[in-house]
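**Student:** Use the sequences and the hints to build the structure in full.
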Amino acid sequence: MKRDNNLESLGSPRHRRLGDNDFSFFLGQYLNVGSLNPRVYGFSAQVSTRWDPNEPCRPNIDDAPVFYPTIEEFEDTLAYIEKIRAEAQSFGICRIVPPPSWTPPCPLKEKDIWEHAKFSTRIQQVDLLQNREPMRKKNRSRKRKRRRHSRMGATRRRSNSSSESVVTSETDEKFGFNSGSEFTLEEFQRYADEFKKMYFQRDCSEDLEPSMIECRKWEPSWEDIEGEYWRIVEQPKDEVEVYYGADLETGTFGSGFPKLSSVLTGNDADKYATSGWNLNNFPRLQGSVLSFEGCDISGVLVPWLYVGMCFSSFCWHVEDHHLYSLNYMHFGDPKIWYGVPGNQATSLEAAMRKHLPDLFEEQPDLLNELVTQLSPSVLKAEGVPVYRAVQHSGEFVLTFPRAYHAGFNCGFNCAEAVNVAPVDWLEHGQLAVELYSEQHRKTSLSHDKLLLGSARQAIQALRELHVLGRETPGNSRWKRVCGKDGILTMAVRMRKQMEEERVNCLPPDMPVRKMEKDFDLESERECFSCFYDLHLSACCCKCSPERFACLKHVKNFCSCQDEDRFVLLRYTVDELQMLVEALEGGLDAVKLWASKDVGLVSGIDCDVYLSKWVQDSEVLKFEPAQPRESFSCSSRVEEKVDINTPYLYGHFSSEVSPSECQPATKLKASHVTLDSHNNVVNVGVLVMENRTNSEQEACIDLNLDIVSDYPATARKSICDSDSSSNHSVTDVETFLREKSCGFDEVREPVLKRLKSDCSSS
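Residue numbers (our numbering): 1 to 761.
Since the hints were made in silico from the structure, they are not lab data. Among the clues, some could well be false.
Said to hold, decoys possible - Listed next, with one range per pair, are the computed distances between beta-carbon atoms: (1) E87 - N131: 33 to 39 angstroms; (2) E522 - E219: 26 to 32 angstroms; (3) M198 - E522: 50 to 56 angstroms; (4) R441 - A381: 25 to 31 angstroms; (5) K555 - W222: 55 to 61 angstroms; (6) K380 - N131: 27 to 33 angstroms; (7) W222 - E361: 34 to 40 angstroms; (8) R85 - L260: 28 to 34 angstroms; (9) Q286 - F528: 35 to 41 angstroms.
To be verified - Cut-off 27 angstroms, straight-line C-alpha distance, at most; resulting in silico cross-link-like pairs (DSSO-like, lysine-lysine): (10) K555 - K542; (11) K197 - K237; (12) K111 - K259; (13) K479 - K449; (14) K111 - K237.
Even for Gly, the Cβ is constructed at its ideal location relative to N, Cα and C.
**Tutor:** Okay, here's the thing in structure tokens:
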């Protein structure tokens, strides 16, 4: 979900003079909001039109699929989503209707909350969502979903970016939303019901016959409301303003789902408080990679509430990082959704730019602001598939990765929404962060952190399955995404390939150091230029210790000499390749990674577990990766290393610590000198001699500070602009073939961009 900005509605009816024939009224005069005067305290809204049933603009589109899980299917949330994904993803959105017996209690209806808890609203001018004049271009600060506090309550990450706060003077002049009044749920329901009644009331005589009394009781159908909504948006003749209580943080206002700490007690409370469909639990379910994010990101990992009234809208957008989202309606009138499949996202963007050229010329990232609608009828005419979902109380709506969606409310209602990331999302998330980098757009979370966390958890599951014999649903689920063609393996392989391309393009004389594990623990680390997250690698310089660059923008970072700058790598390319091989099922790679990097096997138990693996070569059921020469399996490999002491400026590099299984290898360090003034060790040569004993081989320390995976001359030759010339280093091609054997095809668009980055640098 995205946070709507607090935007100024310049065309507000409050600032316009109404015509003599306008039908105008103030709802405040019909309401009794406590002891307050509604018109004094802002509880009034002006409507200068009424419903005309003769001018509907209802889109003629197909409906999204609806799913009715059984009680058994409903027990495993992510397994059910995985089950319906193949059918539903091609629609972008779908409805999920829980079993009739699933009726969670709603704490929001408790008297203390319903009558006394206040929430803020925004004023939304519906008639200008599609048809409006461009505003003068401003330097907009985008509100993004932010890392808040860790699950334990202590602050874990903070951002130093100025974009975390939105400057009032700027946001007050943007189109779309203006701060509205504060309401309780009770007050807002009366307000919304009166608005809808007055807007859609029929002309009836005051002296009604008893048989005509139904005239006053008549209510519009959702089809009537849909036709009128798109008439207002497409063919605006009058002004319509509504309130919307959007993006309300459940951590502050409260969730519509029960929690274990809530006052509700008994079996029902426990049942619903621990349910996977409870949106407070949903993001971190086993199998969701968001469980590897330790901070509570509001709107992503902590649900938001949405309190709507008739015509209040959410405009075309995709979820942050192209995540899945799940929306549950607690109570109220229907919410109408429109969805476009994720593979048609660029088609929708092109159609909107075509039909709203002035708005996009003024603001190219207009779709990130959630303030613009475009009729499904127009999109359909442009060949963009659009599907409708009508969500009723007690139903879920699921949106898929990069699926644009929009919609509006048919009356007073309350919904709650949050994000989730099953393993199949990783591919979409990687493309999202690359797109964000191209757009110089900030991220909400660290994709690499989630990817690496998933890979490490998968290796732990493989070990538990095949070594310890622990057959659990969670371990089986992780196994299904591994293997050579597993979706997790492919995601890690693609990321490894991208990182290798970028490392190859580094300046040949730039030192490379091992990144500290807590490099980005306390603060977000992002590229100064494109805001790319730096969990996996970063460029630093002595001239600016708190400023960093991604590997694509190393040369633009500063004007210092290469010897004053250095690159931090959390994992070397060799280590990432070992991770890929472990996920593919390579026995040696799993042994190495599981015993050392993840810390799954203690030093005492190392020999015991590895002996069992050696005795059973068939323990892994999928085909092992082909062996290749690397520092972990070749008899002798020379590596260029920087055995560095902790860097003076902070969490940059680490000392080489002795391995827990030191007898495993013989380490010879030659030509190493220490500069006592700078406290930095010069580059030397580390020769590593592996013993033949397989049990000892698995205890190699993976935290060696390896500077590069091959000589700097080889690295330089890859980025040589003269592609027709032969490499001066004769062994480069052979070396790289050995390094890349067994790679699958990586997606062409990503590789093209990588090669372009390499050539431009």
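**Student:** Each hint needs a verdict: does it hold in this structure or not?
**Tutor:** Against the structure, the hints:
1. E87 - N131: 33 to 39 angstroms: 37 angstroms, holds
2. E522 - E219: 26 to 32 angstroms: Since E522 and E219 have Cβ atoms about 55 angstroms apart, the given range 26 to 32 angstroms is violated.
3. M198 - E522: 50 to 56 angstroms: At roughly 54 angstroms between Cβ atoms, E522 and M198 fall inside 50 to 56 angstroms, so the hint holds.
4. R441 - A381: 25 to 31 angstroms: Given about 30 angstroms between the Cβ atoms, the range holds.
5. K555 - W222: 55 to 61 angstroms: 57 angstroms, holds
6. K380 - N131: 27 to 33 angstroms: The hint (27 to 33 angstroms, Cβ to Cβ) is violated, given that K380 and N131 are roughly 19 angstroms apart.
7. W222 - E361: 34 to 40 angstroms: Given a distance of about 36 angstroms, which is inside 34 to 40 angstroms, the answer is holds.
8. R85 - L260: 28 to 34 angstroms: For L260 against R85, whose Cβ atoms are near 30 angstroms apart, the range 28 to 34 angstroms holds.
9. Q286 - F528: 35 to 41 angstroms: 37 angstroms, holds
10. K555 - K542: 15 angstroms, holds
11. K197 - K237: 20 angstroms, holds
12. K111 - K259: 17 angstroms, holds
13. K479 - K449: 20 angstroms, holds
14. K111 - K237: 41 angstroms, violated
Consistency with the previously given hints fails for numbers 2, 6, 14, ordered from lowest to highest.
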